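Just need the whole structure built from these sequences, with the hints factored in.
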Amino acid sequence: METPANRSRISLNPLRPLLRNPVALKELRGRMRGPRAFVVLTCYLIVVGGFTTLLYIAGTAATYSTTGEVDGGTLGRVLFGSVVAIELFLVTFITPAFTAGSISGEHESQTYDLLRTTLLPERQLVFGKLFSALAYVLLLLLAAIPLQSIAFLFGGVDVEEIFISLLVLLATAIFLGNIGVYYSAMTHRTLRANIMTYVTILAVILVTTAGAVIALAIVEGLDPSTSTSGSEWFLLVARGIFVCLNPLTTLLSTQQYLVNQQTLFTFKYTFTDGTTTTLPSPWITFTVFYLALSVVVFFATTRHLKRIEG
Amino acid sequence: MSIDKPEVMETSSSEAVAETPILTEVLPELPTVTDEQDLIIETRGLSKRYGRLQAINNLNLQVPRGAIYGFVGPNGAGKTSTMRILTTLMKPSGGEAYINGYSVISTPREVRRSIGYMPDFFGVYEDMKVWEYLDFFAACYEIPEAQRPGLINDLLELVDLAHRRDDMVDKLSRGMKQRLCLARTLAHDPQVLILDEPASGLDPRARIEIRELLIELAKMGKTIFFSSHILADVNEICTHIGIIEAGQMVAQGPIKAMRQQLIPHRVLIITLLGRMDDAKEALLHVEGVLGIVDLPPEDGKTRIKVEFSGEDLRMSEMLQALTSKGIPVVNFAEESSDLEAVFMKATKGIVS
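Going line by line, the protein sequences match chains V and X. Counting from 1, position 127 in the first sequence corresponds to residue 126 in numbering that gives the first Met the number 0; the numbering is continuous, with no gaps. Counting from 1, position 67 in the second sequence corresponds to residue 66 in numbering that gives the first Met the number 0; the numbering is continuous, with no gaps.
Only true hints are included.
If you only want the chain V side, here are some residues facing chain X, beta carbon under 10 angstroms, derived:
1) 20
2) 21
3) 24
4) 25
5) 30
6) 32
7) 109
8) 112
9) 113
10) 114
11) 115
12) 116
13) 123
14) 307
Keep in mind the hints are simulated off the structure, nothing from the lab. Remember, predicted model here, so these are calculated numbers, not experimental data. In this text, a Cβ means the ideal position worked out from N, Cα and C, and glycines have one as well.
Shown next as structure tokens:
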């Protein structure tokens, strides 16, 4: 029950304006109620923690055998990279599950018509659904930061990398969440929305990974005597696009530039004719691109919901 | 709510309440419509087509402010389609519809502000508490946060669910869910309630409770537009009815006028202990009596059916004519299932 005392306590909450969105408030109440939220978080941490432990054991053994003593930097980077990769994998699967039922679920519980006859704007409905799902994903990501931080014990990883990885993971989650809500709005059945969301995500992963690998192979195999700077630019951009569309390759190449060139925001590319150019680091391109695409998908969803049955 | 607790909504005759068994009811007085021309819901030439099926055909609906309007028709007659258009959920194929003076097509937001809609299913979230459910919808109707706790308590009080405030919605009985849904439609204090089959699937007790609630709300000044295919519901609480069949309005108006218009004859059943011929003779002299038919005797008592036209005064004159001659009348009552007759007469049974 709400009393004046706890009302003033809640108002100190920085999330207060977001919780003015009735859908977000309702969804968060529902999501955090009961053991489910706790169980999911625990399972998530057990999976990430379990893999980290295995990697630690395997990693120490591997670095011992090659150099005779533990190479802290390498072990740190391997541990960090692996934790981020597992998180990425889990986020890719969890986010659609949280969002693909968001609008179709309202149809299934026969509450969609009720919402439509209220004054709730469509964008608030979409935003509320998205926000509540992403808030939980963010909780999962933040909860795993201590596991990422184990890498600090070995060195080889900077604090900036934690932030960049968090940003890339979050941008991934925001995009996937938008895709989930979009399909959920397009179909009235949650199962269909889930299938369509996962198929889309799988297609994006396959296309971007295959594209990045092929473009990389071509760039590596360039013959300085035959290539023109024009064709090399084209390949560079093509490779850049594929690398920056895939969160995993984005993170890997960002880390590569960070380790090799010690730069966080840009990297230098040397053409085969010896000239160099400076380009934005992949994580920036990735984040900007997917956030922009998320905005587009968000408005497409809202637009679709605004339509009145003819 | 416990079943053995005699519970009848507030009515004027408290005496009757004290002695009545559970399901006995005292019908409260219906609200009166002051101005038949002041239409709060109006459609002009409304039509809706699904492919080749004409669901609504040139429908002219007229609901005066303050009425309890029963929208009656067989299943598939176009009741739900009409309601979906009125609640801005669906676009009509043709014609116009206005609620409180606002067009449902060009000013849906104003229309939504004016209506409370209850579909023919519950539409409740399972993972919510009762107060959270109302809080959510109140927020969706832009009720300021500070006003909501008080509002929720008032609404729960009104639908008699205050004691279930902190229970989960899915723990409520069917009747309680229905009352909660009704409370939800009232969150933004709308002027019109549009209710699709509000009594369907409810047990007799819940049905009566909903009915009493609707009358209570009408007394609070709300116009109630509800659909039903159960004539008894309509008969007891409506001030106005509209009969729809195959997408067309076959008859509509104040319920009294409808009865007189469609069934000009009123029917009276009189039970006598004897002297049937004297009784017939006496009745034929009363003005307005159209015909007398013998009915088969029941428990050895003679029964006659009298058809007459006109006001209640005629009935009183008939009774006087009988008693003044000392004819032993033991029962004297008008046949009351006349709404069914209105319905049968108005509809042709095109849709089943």
